[in-house]
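J.: Each chain is listed here by its residues.
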Amino acid sequence: MSIHLSRRGFLGAGAAASALLAAPMLRAQGKPRVVVIGGGAGGATAARYIAKDSKGEIEVTLVEPSKTYHTCFFSNLYIGGFRTWESLEHSYAGLEAGGVTVVHDMASGVDRAAKTVALAGGGSLPYDRLILSPGIEFVEGSVPGWSEADAGVMPHGYKSGTQAALKAQIDAMPAGGTFVMIAPPNPYRCPPGPYERISMVAHALKAKNPTAKILVADPKEKFSKQALFEEGWGKHYPGMIERIGPDFGGGNVEVRPGSMEVVIDGEVVKADAVNVIPAQKAGMIAAAAGLTADSGWAPVNAADMSSKMDENVHVLGDAAAQGDMPKSGFAANSQAKVCAMAVRGALTGSKVFPAKFSNTCWSLIDAEDGVKVGANYEATPEKIASTESFISQTGEDAALRKQTYEESLGWYAGITADMFG
Amino acid sequence: MTRLALALLLALAAPASADRAQVAAGEAAFRKCASCHKIGPGAKHATGPHLNGVFGRKAGALEDFRYSPDIVRMGNDGLVWDYEKLHLYLENPKTLVSGTRMNFRGVRDEAERAAIIAFLRAYSDKPSDIPESAPTNPGGDPQVAAAILAIQGDPDYGEYLSGECVTCHQVDGADEGIPSITGWNEDDFVTALHAYRAKHRANPAMQLVAARLSDEEIAGLAAFFAKID
Ligand SMILES: Cc1cc2nc3c(=O)[nH]c(=O)nc-3n(C[C@H](O)[C@H](O)[C@H](O)COP(=O)(O)OP(=O)(O)OC[C@H]3O[C@@H](n4cnc5c(N)ncnc54)[C@H](O)[C@@H]3O)c2cc1C
Chain H
0 MSIHLSRRGF LGAGAAASAL LAAPMLRAQG KPRVVVIGGG AGGATAARYI AKDSKGEIEV
60 TLVEPSKTYH TCFFSNLYIG GFRTWESLEH SYAGLEAGGV TVVHDMASGV DRAAKTVALA
120 GGGSLPYDRL ILSPGIEFVE GSVPGWSEAD AGVMPHGYKS GTQAALKAQI DAMPAGGTFV
180 MIAPPNPYRC PPGPYERISM VAHALKAKNP TAKILVADPK EKFSKQALFE EGWGKHYPGM
240 IERIGPDFGG GNVEVRPGSM EVVIDGEVVK ADAVNVIPAQ KAGMIAAAAG LTADSGWAPV
300 NAADMSSKMD ENVHVLGDAA AQGDMPKSGF AANSQAKVCA MAVRGALTGS KVFPAKFSNT
360 CWSLIDAEDG VKVGANYEAT PEKIASTESF ISQTGEDAAL RKQTYEESLG WYAGITADMF
420 G
Chain R
0 MTRLALALLL ALAAPASADR AQVAAGEAAF RKCASCHKIG PGAKHATGPH LNGVFGRKAG
60 ALEDFRYSPD IVRMGNDGLV WDYEKLHLYL ENPKTLVSGT RMNFRGVRDE AERAAIIAFL
120 RAYSDKPSDI PESAPTNPGG DPQVAAAILA IQGDPDYGEY LSGECVTCHQ VDGADEGIPS
180 ITGWNEDDFV TALHAYRAKH RANPAMQLVA ARLSDEEIAG LAAFFAKID
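The listed protein sequences correspond, in order, to chains H and R. Throughout the first sequence, residue numbering follows numbering that gives the first Met the number 0, covering 0 to 420 in sequence. Throughout the second sequence, residue numbering follows numbering that gives the first Met the number 0, covering 0 to 228 in sequence.
Treat the hints as calculated values from the structure; they're not laboratory data. Relax, there's no trap hidden among the hints.
Straight-line distance between alpha carbons at most 27 Å, and here's what the computed BS3-like set of lysine-lysine pairs gives:
hint	chain 1	residue 1	chain 2	residue 2
1	H	Lys54	H	Lys114
2	H	Lys269	H	Lys207
3	R	Lys198	H	Lys401
4	H	Lys234	R	Lys57
5	H	Lys207	H	Lys234
6	R	Lys31	R	Lys43
7	R	Lys226	H	Lys54
8	H	Lys51	R	Lys226
9	R	Lys226	H	Lys355
10	H	Lys66	H	Lys114
11	H	Lys219	H	Lys382
12	H	Lys54	H	Lys66
13	H	Lys158	H	Lys205
14	H	Lys355	R	Lys198
15	H	Lys234	H	Lys205
16	R	Lys226	H	Lys350
17	R	Lys57	H	Lys401
Some chain H residues close to chain R (C-beta under 8 Å, calculated; not the full set):
hint	residue
18	Phe329
19	Lys336
20	Ser357
21	Gly373
22	Gln402
23	Glu406
24	Leu408
25	Gly409
26	Gly413
27	Ile414
28	Ala416
Here the structure is a predicted model, which means the values were calculated and not measured. Just so you know, even glycine gets a beta-carbon here, dropped at the ideal spot from N, CA and C.
Isolated chain H (complex conformation) (with noise of 0.2 Å):
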């Protein structure tokens, strides 16, 4: 009888196991669910992709609170005036088209045990795979003065959507007034943006300010493309640009924006405008969601971008601490294309290839003269690993320089295809 009962006992229990293992493919009440938190250029890519190639297959949702998405890559393109506010505003619609559901929420939190996502305006969604690509947060604090509650007086321009403020502000200065970025300490998004955004400051100013003048204060030894800056720095804005290197104090700062002043290594410097571009984190959710390290940054498996945390969970894009590649729109996806593939076989069974990863970064020195970095990647054990790379030359002719920044262009139309469809 005993005897009877185990055997019986065993059976059931290699029943229920290999219920188990097939789950994920048979889902008695449905198909499988992936919410992605993060309408951004990771996130929006991954749900694009997910929904594309799984044909029905797999439930998408994304989480993102704002109703259209405007790029950060080329807004300092618009704040040298060489595209319009509209021309870096996207829209949800070709999700939605390709079979994306778009929920315009806020994530609130992640409960990681029951696997479902709180949304900030009540309710919550399930999911069997979580996607997070939620961009940066400021550290607080990182600026002494400064908090982003002071963003209209001092704009930071380094959030979606928020780079109006700063090219007002640019346009208002008085003749011969003084501009003066606030850089940020490694790592942040976008490497060579702030050296890209003080050109496009100082072409504006050069065509109606040009007695205005540009002061960075920068805690960095080094920056992205030093060389190919300070090379068209000289050329096109001469005598216009001072940077401040730690060297002579430029890490010592503190801002005053009751009074618009800024203070560099004990010295007051009376500015007419202020960017303030603070450290950087993982976005908020990732660090709710129990997802980050002490570095601020959600550390990751290269090979499918899933959380070192939680298998179910992915992070991409800038949030991500994943080795190697810079937090750039172009990164996260191609960081978001790898998790797409994983995710899809993961839950259906699809075939899935190694993980392969590249990033160029174009930045736009002065009207028709653009420069690239680029590299390719692979996942190891360890991170996303840098294999090969290339960067543009100091002395190029004006030639390639224009072939370069209209590649750019092309880089644009082509990247938002793929991130909205």
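Go by the hints and put chain R with the ligand onto chain H.
T.: For chain R with the ligand alone, kept in the frame of chain H given last:
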């Protein structure tokens, strides 16, 4: 240029008689080219640009000739007409410039190409500054082998791989700053990617992309993009 002037020029530039024989053979072979290209003092553009001083010049760089956008792009990327590149271009123009307007099947015979190049070299600005042949063999057989062109690409695999391409190249075929890659002839597509992989083509971003693609993957991409109009 008169024969005498050419003889003088050659006497200065290329003393060895073997070279003279090669240049003479090249002059004869150049008849294939002469319906479109003029060369010699006072040579003007015709269907193709004149070829005086072509050796060592950036591709697509003569201001008063209307080139294909593609050859200008390649020139800006770094295509310079040296010994190796002339060999590649003469063998199959599409190796280096997919959208070239030079409607020419190419010269398969290596000795004949070398002769034409020796002839072009004689009309360069300073022939004596140009090595008579590339110091090393220019990359073995540059031509994409027939066996590689014959690989049947899997368009489904190509579609998966295309994720890497469409971050920059638009699937709707728009050609804005970055060339369109949809609706191509598959052989041209394969030839172009192999040329990037072999670093015969200079665009660094494309070299990186191609470096990681196998022959089968290139065939798959060619098959996939060929289907898109
Ligand atoms: C000035 C500037 C210039 C740049 N130039 C380039 C460039 O030339 N090339 C390039 O490749 N990259 C560039 N970048 C970088 C690029 O913008 C970012 O790397 C990219 O946007 C990162 O994508 P992401 O998906 O991680 O974040 P984002 O694109 O920022 O998307 C995050 C989204 O998540 C949403 N979100 C956040 N929290 C929540 C939540 N709790 N619930 C729901 N939704 C949430 C946000 O609303 C946002 O839409 C630039 C950046 C800046 C600032």
